Amino acid sequence: MTHDWLALQKRAAEEFGSRVDLITDWAAATPDTEWNVTDLVRHVVLEQQWIPPLLNGLSVLDARRSLAPLGPDLAKEWATHSALASAAWAATSADAPVTLSYDTVTASDYLREQVSDVTIHSWDLARATDADESLDPTLIEAVWTVFEAQRDTLEASGLFASPVPADENAPLQTRLLALTGRDPSPL
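The sequence shown begins at 0 in numbering that gives the first Met the number 0 and counts up one residue at a time.
Keep in mind that the hints were calculated from the coordinates and are not lab data.
The model shown is predicted, which means the values in this text are computed figures rather than measured ones.
Note that CB positions come from ideal geometry on N, CA and C, so glycine has one too.
Keep in mind that the hints are not guaranteed to be accurate.
[What the hints assert, rightly or not] Label-pair ranges, simulated between beta-carbon atoms:
| id | residue 1 | residue 2 | range |
| --- | --- | --- | --- |
| 1 | Leu83 | Thr105 | 36 to 46 Å |
| 2 | Glu33 | Ser184 | 15 to 25 Å |
| 3 | Leu45 | Leu21 | 14 to 24 Å |
| 4 | Ser17 | Glu140 | 18 to 28 Å |
| 5 | Gly56 | Val163 | 16 to 26 Å |
| 6 | Glu147 | Ala67 | 19 to 29 Å |
| 7 | Val104 | Lys9 | 34 to 44 Å |
| 8 | Ala78 | Asp24 | 14 to 24 Å |
| 9 | Asp94 | Asp24 | 39 to 49 Å |
| 10 | Arg64 | Asp182 | 20 to 30 Å |
| 11 | Asn55 | Ser184 | 34 to 44 Å |
| 12 | Ala169 | Asp61 | 17 to 27 Å |
| 13 | Ala89 | Pro136 | 19 to 29 Å |
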């Protein structure tokens with residue numbers, strides 16, 4: 000199945016943004032044990048902030064130098080930087096080279112990585128804020144194709160906790176979350 004990753008990027012941003020709008024406790028714990036809600040949202044906003052300069056061909060060092068510090072209103076920062084990222088994705092050729100910290104990849108590869116990151120963190124934020132944890136099934140299907148292909152390297156990357164056991168007949172969202180080290184069991 001071919002996925003429209005630009006449409007998925009917009010949907011992932013909507014999923015995350017709708018949960019940002021529900022935050023009442025910025026100090027609440029998240030499934031990412033090292034982060035509270037503020038840390039999680041800051042991480043996702045920073046990732047969005049990097050997108051335009053990297054898609055414009057800047058090196059990682061030059062992109063870092065171009066970033067302004069985030070302000071205290073992370074909900075506002077999310078709205079600003081997710082919109083700028085969406086515009087940058089729409090203006091960039093899928094095969095454009097993008098230099099990341101670990102390699103030079105195509106814009107389409109970077110887009111899949113970013114959609115996957117925002118999607119998983121949307122669930123993290125939902126869990127942390129007692130919001131609806133169900134994610135768009137189309138996003139889940141697409142992100143599964145990214146992470147399932149990396150099954151053997153996810154934990155070794157240091158970006159994810161060890162996979163959590165999940166029944167092979169469980170819903171795809173459950174299996175995806177488990178693969179990325181998240182326990183989707185009800186609290």
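A quick look at each hint next to the structure:
1. The hinted window of 36 to 46 Å between Leu83 and Thr105 is violated, with their beta carbons roughly 20 Å apart.
2. Distance hint check for Glu33 and Ser184: the Cβ-Cβ separation is about 21 Å, which falls inside the suggested range of 15 to 25 Å.
3. Taken as a hint, the range 14 to 24 Å holds for the pair Leu45 and Leu21, whose Cβ atoms sit roughly 21 Å apart.
4. Range check, Ser17 to Glu140: about 20 Å between beta-carbon atoms, so the 18 to 28 Å window is met.
5. At about 39 Å, the CB distance of Gly56 to Val163 disagrees with the hint of 16 to 26 Å.
6. The hint said 19 to 29 Å for the Cβ distance between Glu147 and Ala67, and at roughly 37 Å that hint is violated.
7. Between Val104 and Lys9 the C-beta distance comes to about 21 Å, which lies outside the given range of 34 to 44 Å.
8. Between Ala78 and Asp24, the C-beta spacing of about 20 Å keeps the proposed range 14 to 24 Å intact.
9. Distance hint check: the CB atoms of Asp94 and Asp24 are about 43 Å apart, consistent with the given range 39 to 49 Å.
10. Between Arg64 and Asp182, the C-beta spacing of about 39 Å breaks the proposed range 20 to 30 Å.
11. At about 42 Å, the CB distance of Asn55 to Ser184 agrees with the hint of 34 to 44 Å.
12. Roughly 44 Å separates the CB atoms of Ala169 and Asp61, a value that falls outside the hinted 17 to 27 Å.
13. In this structure the supplied range 19 to 29 Å holds for Ala89 paired with Pro136, their Cβ-Cβ distance being about 24 Å.
Violation of the numbered hints given earlier is confined to hints 1, 5, 6, 7, 10, 12; the remaining hints are satisfied by the structure.
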